[in-house]
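**Q** If you want the building blocks of each chain, they are given just below.
Number of protein chains: 2
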Amino acid sequence: MKKPFRFLNILITLFLAISISSTPGSAQRRPSGIVSPEVLSDNSVIFRIYAPKAEDVRVVGTWNRKFAPDIMSKKDTLWEVKVGPIPSDMYEYDIVVDGLPMLDPYNKAVTRDGGYIQSRLMVPGGLGDLIDAKQVPHGDLKAVWYDSPTVGPEQRRMFIYTPPGYDQNPKKKYPVMYLLHGAGGDEEVWVNRGRANYIIDNLIAAGKAKPMIVVITNGDVNNTATVLDREAFATAKTTPGGVGAMAAGLFERSLVNDVMPYVEKNYRTINDADHRALTGFSMGGYHTQNISNANPSLFKYIGVMSMGLFSTFRPDGYDKEKHVAQLKALQKNNPKVYWIGMGTDDFLYRTGVELRKLYDEVGFKYIYRENIGNHDWNSWRMYLTEFAPLCFK
Amino acid sequence: MKKPFRFLNILITLFLAISISSTPGSAQRRPSGIVSPEVLSDNSVIFRIYAPKAEDVRVVGTWNRKFAPDIMSKKDTLWEVKVGPIPSDMYEYDIVVDGLPMLDPYNKAVTRDGGYIQSRLMVPGGLGDLIDAKQVPHGDLKAVWYDSPTVGPEQRRMFIYTPPGYDQNPKKKYPVMYLLHGAGGDEEVWVNRGRANYIIDNLIAAGKAKPMIVVITNGDVNNTATVLDREAFATAKTTPGGVGAMAAGLFERSLVNDVMPYVEKNYRTINDADHRALTGFSMGGYHTQNISNANPSLFKYIGVMSMGLFSTFRPDGYDKEKHVAQLKALQKNNPKVYWIGMGTDDFLYRTGVELRKLYDEVGFKYIYRENIGNHDWNSWRMYLTEFAPLCFK
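Heads up: the protein sequence lines correspond to chains A and B, in order.
Letter by letter, the first sequence follows residues 1 to 393 of this note's numbering.
Letter by letter, the second sequence follows residues 1 to 393 of this note's numbering.
Rather than coming from a laboratory, the hints here were simulated on the basis of the structure.
A virtual CB, placed ideally from N, CA and C, is assigned to each residue, including glycine.
There's no promise every hint is true.
To be verified - List time: in silico SDA-like cross-link candidates among lysine to any residue, alpha-carbon distance up to 20 Å: (1) B:75 - A:98; (2) B:134 - A:266; (3) B:134 - A:154; (4) A:142 - B:167; (5) B:172 - A:266; (6) A:108 - B:323; (7) B:142 - A:155; (8) B:365 - B:317.
Claimed, not checked - According to the in silico footprint, chain A covers these stretches of chain B (three or more CB under 8 Å from chain A): (9) 50–60; (10) 382–391.
Claimed, not checked - So, partial list: chain B residues that the calculated Cβ filter (under 10 Å) puts toward chain A: (11) 34; (12) 38; (13) 42; (14) 44; (15) 46; (16) 126; (17) 127; (18) 171; (19) 230; (20) 234.
Bound-form chain A, shown alone (with noise of 0.2 Å):
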């Protein structure tokens, strides 16, 4: 090594050094030679923790589906705990100590869905490789802001990822997938969390996907974007009513009158239903059957994630004969994908149940697909890469 280079070294370090100990709090925060998590060759996980004064300290993550804590003990100053070996994925936790969930103060990789901020454990040598950011070749993802007025004046902001070798083939045109989240939810949470476009650029770069664009919509009705890219100082709306608005049927008519025009005019888009896929998890998936129920040449792949059927929960506002009617006519336009994804611990499972039995009393053609998993990303990730392959086939 040069020798200038050692000094920029020390500089650097001496920034660093600086930065942190002139951060608030941040001596604690990450004290050298602590590492968490880390994950062992056999895939079991140490977690650690620098906490004196903590009485009581434990993990909870989603490797556990009953999220039964795993318990740390203390070793002097430190807290640690050895879990698994935990299968390949990627998994969200908290550290919570004396009864206040926190970060993983070591752990710079943090996702968020709606108000769950969590720290985040990958786990290699099997799906969680599929949800890593490998050295394959990436698409791009750009945040575009659009005109919707099915739902009011503002624009709004949804993600567009183009496959690779979008920009170097101006001529070729490409299917496309609606992505939708659930309640609580926006536009970044299917990128953040749920890793959409590594899975799809994984899926490409194996040849188990096809190139597609993939539109990634906020359908929270409330707010325009997501919670660093909306104006801090205004409220959220609250017509027709505050959280219910996101299910009151505006999210889905702005997805075919303003979404579905804006990316094929501004993207390089095949425009009939054999190359456009709609799928979403939870309130996602409630909208999925919603915009293919109420359109029923629009879309000819179809996935509904953890979602059922409304009527369990509202039986005098749910209307059987129009739904019957409105499964009559998606099944006469031929929809060559219709996937449900289910897990068996899913608090919506039941509602699972009485779609597909309405399902089958009408004839509708399903695939099922069901986990032994929960109403979590574990599962929405890994729907993901099992519905994108079977599109545009």
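Guided by the hints, dock chain B onto chain A, whose structure is given.
**A** Here is chain B on its own, set in the frame of chain A:
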């Protein structure tokens, strides 16, 4: 409100309730009715946290230049403190519970710079409004991967901001600002914490800045991308020497040899020095000096934020004669704006004194802006609001 909406409300509320209670530890995370931070009409701010077992709770935020904590008081199980009034701006803060810094559990707005993941506070009425995502035309922001043979075989990630109207005016060409970050950061920090795209949106909307393309790079040659967007299972490169590599000249060369050609090929740029700006803070201010010194004819708008002369720290590694020759060559190319911003409390303040001393000695012209402030984002965001309007005029 129509009846079906009521049932949907109930269902969606149920979703949220269940997903909240089934997310580990989140009952404590967001007990209903607690608001934090609460910004009052006089811009004082109340912070609150539910921490029944804690013995010492404090808030530490960047509104306090000396990093003195604001000590919270316990009322039953709730801790609370009123701070301010605070000048309008964006701030970062931690809540420190018995010595452990954590996010404010009731605040969804969280930003990151490297390993510093902190809660965000927005205070309106002045500079804060210029940093907020207002209802003005927004530019688009695209995350792209580009070849960077100067650094290594892997593609690297950066953000490209295109101003409002870019897609609607397909023949118009634009000036370009290259925007660099500090040590420990990555391409995301000027977006996530720096709010560069919204600052430029607001300046353009107010007629204070010219519509411009902004290129936001990753100056950390050890990593191809920010933490969530690079391989989780790959380890950082450490050639030619860990964190020192960030300052070993590789990034500076790659900006000129890899980044600029990519941008000028794929975007409608005006390719002359009159329409190129270069600026960065801390390590990015060092990179800015190196790049403009080594390439005197490329940029006519140069902004050095929170960084002075390195010779202060490395008397034997510094070649003053070469530096002076570079400054003379740069002066000969007649930069229109050479801007230096420095905070009075910056730990690098003295390096700025040395730099200005040298520039004065050589007769090298510059604008000097000194603010009462620190080596932190409150300075850097403000510098951008002041430097960008000087460009391309």
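**Q** Would you mind marking each hint as holding or not holding in the structure?
**A** Hints, verified against the model:
1. B:75 - A:98: Status holds; Cα separation ~18 Å.
2. B:134 - A:266: violated, 24 Å
3. B:134 - A:154: holds, 10 Å
4. A:142 - B:167: Between residue 142 of chain A and residue 167 of chain B the Cα gap is close to 13 Å, so the pair holds against 20 Å.
5. B:172 - A:266: With a Cα-Cα distance of about 17 Å, the restraint between residue 172 of chain B and residue 266 of chain A holds, given a limit of 20 Å.
6. A:108 - B:323: violated, 38 Å
7. B:142 - A:155: holds, 18 Å
8. B:365 - B:317: Violated - the C-alpha atoms of residue 317 of chain B and residue 365 of chain B are around 25 Å apart, more than 20 Å.
9. 50–60: Satisfied; 6 residues make the cut.
10. 382–391: violated (count 0)
11. 34: Interface hint status for residue 34 of chain B: violated (12 Å vs cutoff 10 Å).
12. 38: violated, 13 Å
13. 42: Nearest chain A Cβ about 15 Å off; hint violated.
14. 44: violated, 16 Å
15. 46: violated, 16 Å
16. 126: violated, 12 Å
17. 127: violated, 13 Å
18. 171: This hint is violated: residue 171 of chain B lies away from chain A, its Cβ roughly 17 Å from the closest one there, beyond 10 Å.
19. 230: This interface hint holds because 6 Å falls under the 10 Å limit.
20. 234: holds, 8 Å
Checked against the numbered hints listed earlier, the structure breaks hints 2, 6, 8, 10, 11, 12, 13, 14, 15, 16, 17 and 18; every other hint is satisfied.
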